[in-house]
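Take the given structure of chain A and dock chain B to it, following the hints.
Chain residues, written in single-letter form:
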Amino acid sequence: DGGITQSPKYLFRKEGQNVTLSCEQNLNHDAMYWYRQDPGQGLRLIYYSQIVNDFQKGDIAEGYSVSREKKESFPLTVTSAQKNPTAFYLCASSSLDGNNEQFFGPGTRLTVL
Amino acid sequence: DAKTTQPTSMDCAEGRAANLPCNHSTISGNEYVYWYRQIHSQGPQYIIHGLKNNETNEMASLIITEDRKSSTLILPHATLRDTAVYYCIVRPPYNFNKFYFGSGTKLNVKP
Chain A
45 DGGITQSPKY LFRKEGQNVT LSCEQNLNHD AMYWYRQDPG QGLRLIYYSQ
95 IVNDFQKGDI AEGYSVSREK KESFPLTVTS AQKNPTAFYL CASSSLDGNN
145 EQFFGPGTRL TVL
Chain B
119 DAKTTQPTSM DCAEGRAANL PCNHSTISGN EYVYWYRQIH SQGPQYIIHG
169 LKNNETNEMA SLIITEDRKS STLILPHATL RDTAVYYCIV RPPYNFNKFY
219 FGSGTKLNVK P
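Quick mapping for you: the protein sequence lines, in order, are chains A and B. Quick note: the first sequence uses the working numbering, first residue 45, plus one each step. Quick note: the second sequence uses the working numbering, first residue 119, plus one each step.
Next up, chain A with everything else stripped away, as it sits in the complex (with noise of 0.2 Å):
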């Protein structure tokens, strides 16, 4: 089946380690995407990319780190540098159509204790 993964469902770490939350995509989808969720609240853009070696910081990047090494995969590091953060962690594809829809992972939560 074809899909977005993330692993893993839940994380937990301490204070001042970084984390890697890893997505995966076997959508041949060009563009990857990272949204960062708080209770109730909507999504924020993190970082995206559209290309493999590329990516751009979306609204709320300070404090977090991607890479883009594969077509498949882009994964996300919250560094020590992030002041808050405690948050459920979505990642997306899509085409690079005009009109494209945006496909979600299952997300990953992340605590730090």
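Any given hint might turn out to be false.
[What the hints assert, rightly or not] Cross-link-like lysine-lysine pairs, in silico, BS3-like; alpha carbons within 30 Å at most:
#1 A/K101 x A/K58
#2 A/K114 x B/K216
#3 B/K216 x A/K127
#4 A/K101 x B/K228
#5 A/K53 x B/K216
#6 A/K115 x B/K228
[Unchecked claim] Chain A regions said to be covered by chain B (calculated; three or more residues, Cβ under 8 Å):
#7 90–102
#8 117–123
#9 148–156
Hint data in this document are derived by calculation from the structure and do not stem from the laboratory. Please read these numbers as outputs of a predicted model, since none were measured by experiment. Glycine residues also receive a C-beta, built at the ideal position from the N, C-alpha and C atoms.
Just chain B, lined up with the frame of chain A:
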């Protein structure tokens, strides 16, 4: 970029049609209207999108007013599994960083 306004919450009886409104009075001529939904603690699910014509698929219908300043998502026979937050988004084509998910409408389908 056009912004959207949606009611915070709505109730619907199971088996009835659910009509979810969205106001996008500042929409530009080339901006599409998208609808997504998010069931609790899951990733958003694409429902439907359109530019100016009404659209229908197996999940829902999208009615866009002639002036394009508002739209309505219709779930023809709501079930308990349709309980979710529904997001209305407007976005110009080829702008890959312009999917703005606001707070959406929490639809409660009741037996």
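We went through each hint and held it up to the structure:
{"no.": "1", "hint": "A/K101 x A/K58", "in the structure": "holds, 26 Å"}
{"no.": "2", "hint": "A/K114 x B/K216", "in the structure": "holds, 24 Å"}
{"no.": "3", "hint": "B/K216 x A/K127", "in the structure": "holds, 25 Å"}
{"no.": "4", "hint": "A/K101 x B/K228", "in the structure": "violated, 41 Å"}
{"no.": "5", "hint": "A/K53 x B/K216", "in the structure": "holds, 26 Å"}
{"no.": "6", "hint": "A/K115 x B/K228", "in the structure": "violated, 43 Å"}
{"no.": "7", "hint": "90–102", "in the structure": "holds (count 4)"}
{"no.": "8", "hint": "117–123", "in the structure": "violated (count 0)"}
{"no.": "9", "hint": "148–156", "in the structure": "holds (count 5)"}
Figure legend: structure checked against the earlier numbered hints; hints not met, in rising order: 4, 6 and 8.
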